[in-house]
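Q: Work out the full structure: start from the sequences and follow the hints.
Chains as they are written, first to last, in the numbering used here: chain G, 1 to 179; chain R, 1 to 179.
It should be emphasised that the hints constitute simulated quantities derived from the structure, not laboratory data.
There may be inaccurate statements among the hints.
Pairs count within a copy or across copies, as identical chains cannot be separated in the list.
Said to hold, decoys possible - Each computed SDA-like pair below joins lysine to any residue, with the alpha-carbon atoms no more than 25 Å apart:
#, residue 1, residue 2
1, K162, P176
2, K81, G34
3, K18, N30
4, K162, R11
5, K150, P135
6, K159, D142
7, K150, F177
Number of protein chains: 2
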Amino acid sequence: MSQSIELIQNRLLYRGRKFDFAVDRLRLPNGIEGDWEYIKHPGGALAVPITPDGKLVLVNQYRFTLGARILEFPAGTIEAKETPDQTISRELEEETGYRSSQWRFLGKFALAPGYSDEYIYFFLAEGLEKLEQPPAQDEDEDIDVVLMTKQELEQEILKSEKVDAKTITAFYLAKPFLG
Amino acid sequence: MSQSIELIQNRLLYRGRKFDFAVDRLRLPNGIEGDWEYIKHPGGALAVPITPDGKLVLVNQYRFTLGARILEFPAGTIEAKETPDQTISRELEEETGYRSSQWRFLGKFALAPGYSDEYIYFFLAEGLEKLEQPPAQDEDEDIDVVLMTKQELEQEILKSEKVDAKTITAFYLAKPFLG
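A: Written as structure tokens, this is what we have:
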């Protein structure tokens, strides 16, 4: 079936600040036609930052979608003309005030393929130094920086329900590289 | 800041088959006003199904958003008047042809809080039996059932980039219960 799905029409419903809403009208091989809606996303980039003394750097961030704070690795949407590594070095500085001199690309994963085409590109960030003059956070972000050991983060992941899927995914994918 | 975000307007942009697109106009404590778009989602439910001989049951599913097949745990959107446990026992049968007689609720996690209010409720499903007459799959689904050991799934997770974030998250959160 995947060979022969026919795209009849692609409609842009809404152009958002970081991603768009779209609807594809598809004809399936069984003849059924319908609309499938999804987010058209430019992709995301995420850092698993670790300090020289083995602390992971996370952000405790207010999310209006949930009306709650979520514990996350620093991450952001890839902007126009950016590559994923440019996005994440910018986001790491903006969100945490740390700069990394040692980046390692670890891979990518699909975040929510039921309704988004986003892949997240994730990186190990070592050689961290705290900036004396960190760049301003995005005006719409409300972020506290949190340092945790691997063991402390794993406790939060297993117990708290306050860590999101991208962060849990990236933690376990990066774990073999965390020493 | 999280205490005093003011919701000025909530607009429904599009009513989809399983979720809606919405835009909130918010006023931040720093006085800035803007639109933030997101998916309004009824929530999802996911099973980590394990057979009596220790095989995990997954689905290899075509996703039109990615134009690719992704390896996933059985999961679905909570429909009107369903509870998460009703959703997942229905989805497990539809997607895999297995029925579980032994469910255990393990928790919930936020899937994509940057653009969706979805939480996924996830369950360990044991006591599996293959149905002789499985229900029909959804007409828009293109699914192959795959059985794997824990070790085989972990290899796929670490190497393939074909496993999505909800599946990786649920696998590691369920691992302490998999024996």
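Q: With reference to the structure, classify each hint as holding or not holding.
A: These are the hints, each one checked on the structure:
1. Within a single copy, K162 and P176 get their C-alpha atoms as close as 23 Å, and across copies as close as 19 Å, so both meet the 25 Å cut-off.
2. In this assembly of identical chains, K81 and G34 lie within 25 Å of each other by CA distance solely across copies; the values are 24 Å between and 34 Å within a copy.
3. Within a single copy, K18 and N30 get their C-alpha atoms only as close as 35 Å, which misses the 25 Å cut-off; across copies the closest is 21 Å, which meets it.
4. With identical chains, the CA atoms of K162 and R11 are never at most 25 Å apart, being 35 Å at best within one copy and 27 Å at best between copies.
5. Proximity of K150 to P135 under the C-alpha cut-off of 25 Å is found in neither arrangement, the shortest distances being 27 Å within a copy and 44 Å between copies.
6. Taking CA atoms no more than 25 Å apart as the test, K159 paired with D142 passes inside one copy only; the shortest distance there is 24 Å, against 35 Å between copies.
7. Within a single copy, K150 and F177 get their C-alpha atoms as close as 12 Å, and across copies as close as 21 Å, so both meet the 25 Å cut-off.
Checked against the numbered hints given earlier, this structure breaks hints 4, 5; the rest are met.
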